[in-house]
Amino acid sequence: MSRRLARRPRMPMSHAGRTPPFATPIYRNPAMLRLLALLLLVLPPLLAAHEGEHPSAAPATALGASAAFDGDGRLWLADVVDGRVRLRQSGDLGRHFGPATRVNAEAEDIDHAGENRPKLTFGPAGEIYVSWSQRRPKKWSSFVRFARSLDGGRHFSAPITVHRDRGEATHSFDALAVDGAGRPLIAWIDARDHLAAMQAGQAYAGLAIYYAWSDDRGASFQAERRLADHSCECCRLALVRDPSGAVRALFRAVSGSDVRDHAYALLPTDGSAAQASRATFSGWQVAACPEQGPGLAFGAGGVAHAVWYEASEGPAIWYGQLDPGHAPRHMLKLGTAGARHADVASSGRRVWVAWNQLSADGYTLMLRSSGDGGISFGAPRTLARASVAASTPQLLVHEGQAYVAWNTAAGFQLLPAERAP
Amino acid sequence: MRIPAVLLLLLAALAAAAASAPLVAPLGAGDVPALLEPPAHGQRIVMVWALDCVYCEPNMRALAALQGAHPGAVELVTVATDHIAERARISARLAAAGMQAYRAYAYADAAPDRLDFLIDPDWGGETPRTLVIRADGSRLALSGRLTAQQLERVAPAGP
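Chains U and C are the protein sequences, given in the same order. Okay, so the first sequence: first residue is 1 according to this note's numbering, each after it adds one. Okay, so the second sequence: first residue is 1001 according to this note's numbering, each after it adds one.
For the record, the hints were derived by calculation from the structure and aren't laboratory data. Be careful, since some hints might not be right.
Stated by the list, open to error - If we take Cβ atoms under 10 Å as the criterion, some of the chain C residues that face chain U in the derived model are: (1) Asp1052; (2) Ala1073; (3) Ala1088; (4) Leu1118.
Claimed, not checked - Label-pair distances were calculated between CB atoms; the ranges are: (5) Pro1038/C with Ser387/U: 21 to 31 Å; (6) Asp361/U with Gln1150/C: 29 to 39 Å; (7) Ala60/U with Glu1152/C: 35 to 45 Å.
Glycine included, every Cβ here is placed at the ideal spot set by N, Cα and C.
Use the sequences and the hints to build the structure in full.
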């Protein structure tokens, strides 16, 4: 507005002086300008209630990031800055990072708060695959987005929307894995079936899990398929390649009357129907958004090590070995009040679990490890503390060693799970 | 000065709209003790919610109806766990749920999960979380959209 005003030829003072106040253009009247400024300040939140929601500046407490080791042992970190996924590489285990690459050239409203974060993984020929959830203006509407680099992260493809469905509804909490054939698979929480049921006047508990894969190194994705009905709405999924090369998902499901246990499913890529099995049996009955999804890792003998949260008898995070259709084996309560956002990793018979422990002072990053395939665990150890916001810890394994990636408002840290010898 | 009718109308519409858009105050760790302080009489219901939470708005409406039925005995306060930087979204959502009349906060602490812990250490962060703080110092905390039976437990004993 000021630029427009500056370009206008000034009216002679004598003329302006004789003119009644509101015969002058509004932009020349200070009172009117103040009024307009007020309108501009007040209107956006009011309109937001009726016409979708306006994105806000991302708060400093939104810290969703993913770290991963590539085939050459370099650490990569994907986080979000000003609506762009930023990718950086470190040759010294996260102490220093090289220059950043912008994955998406055009800014998007990327959800990286709570358990949402950009995802990062690698293909067998050095492909870099990145996915994220893009918030849409309509309430709870989001799209799953994807981009790839075939030149080691120097350039990224223009982002694509992974799903064919373009309904303004939830497509969020994307999870990304590469199967044994080198194909990237993405699974996400999807509201289309919930909305269709509502429109038909029927009830539909929770949302659904959909997935899609790419046969052309991420240039395009096959039409999405439903993995399971009735997932919880806001908990991250765990998506991991099993020892056979198939990709499996562990996610919080809604069964019966708002029972929020977990389900476990293989993502078929041969046209067969997906079959999810109940995998945890706490019986936690609650119509709520826990915003705490499970963790999953495969160890020696194909054992599926899992961690999850439930609060049937007070808040608790658990470790167990999945036995679909039955309660997990070797269950261990890792933490109670204040224990949050666990992750698990395994290499052979070694198993590591990490979680955030809250107190009145902030966050403590905790770790326990097992040398006998998760039958028994050592005492909890403190790896780090933070008095500012900290994100969900992420356990990584590289050459048999475990590391915890921990993004806090004070900076990113990669912490070795084992003490130096 | 004279103001054109169209601007007057716009102002009136704005004033009405502004009155219906709840002001959302920042909640830091230092504000939690006052939030949890037992009220002088009756009870305070603190409903913790989140923008992502699909069960929160029905719960808000149920608690607002309960408060309306016991205006002298129940004070209702909402706390959004989303950062105060999301104030526009939070305010719009509260307005859409008809929560204009109630005191509203949003998290504004550098360590947001710590606020969860300070508000209720025996809570894993799931929303909605309904806290009832009674004048006699007793408390009740429930996770999830309240069932009819739970709403009866939340309601004050008297009228």
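Each hint, compared with the structure:
1. Taking 10 Å as the C-beta cut-off, the interface hint given for Asp1052/C holds, the closest approach to chain U being about 5 Å.
2. The beta carbon of Ala1073/C is not positioned within 10 Å of any beta carbon in chain U (closest approach about 26 Å), and the interface hint is therefore violated.
3. Nearest Cβ of chain U to the Cβ of Ala1088/C: about 4 Å, under the 10 Å cut. The hint holds.
4. Of the supplied interface hints, the one on Leu1118/C holds, with its beta-carbon coming within about 6 Å of a beta-carbon of chain U, less than 10 Å.
5. For Pro1038/C and Ser387/U, the Cβ-Cβ distance of about 29 Å falls inside the hinted range of 21 to 31 Å, so the restraint holds.
6. For Asp361/U and Gln1150/C, the Cβ-Cβ distance of about 33 Å falls inside the hinted range of 29 to 39 Å, so the restraint holds.
7. Checking the proposed 35 to 45 Å range against Ala60/U and Glu1152/C shows it holds: the Cβ atoms sit about 41 Å from each other.
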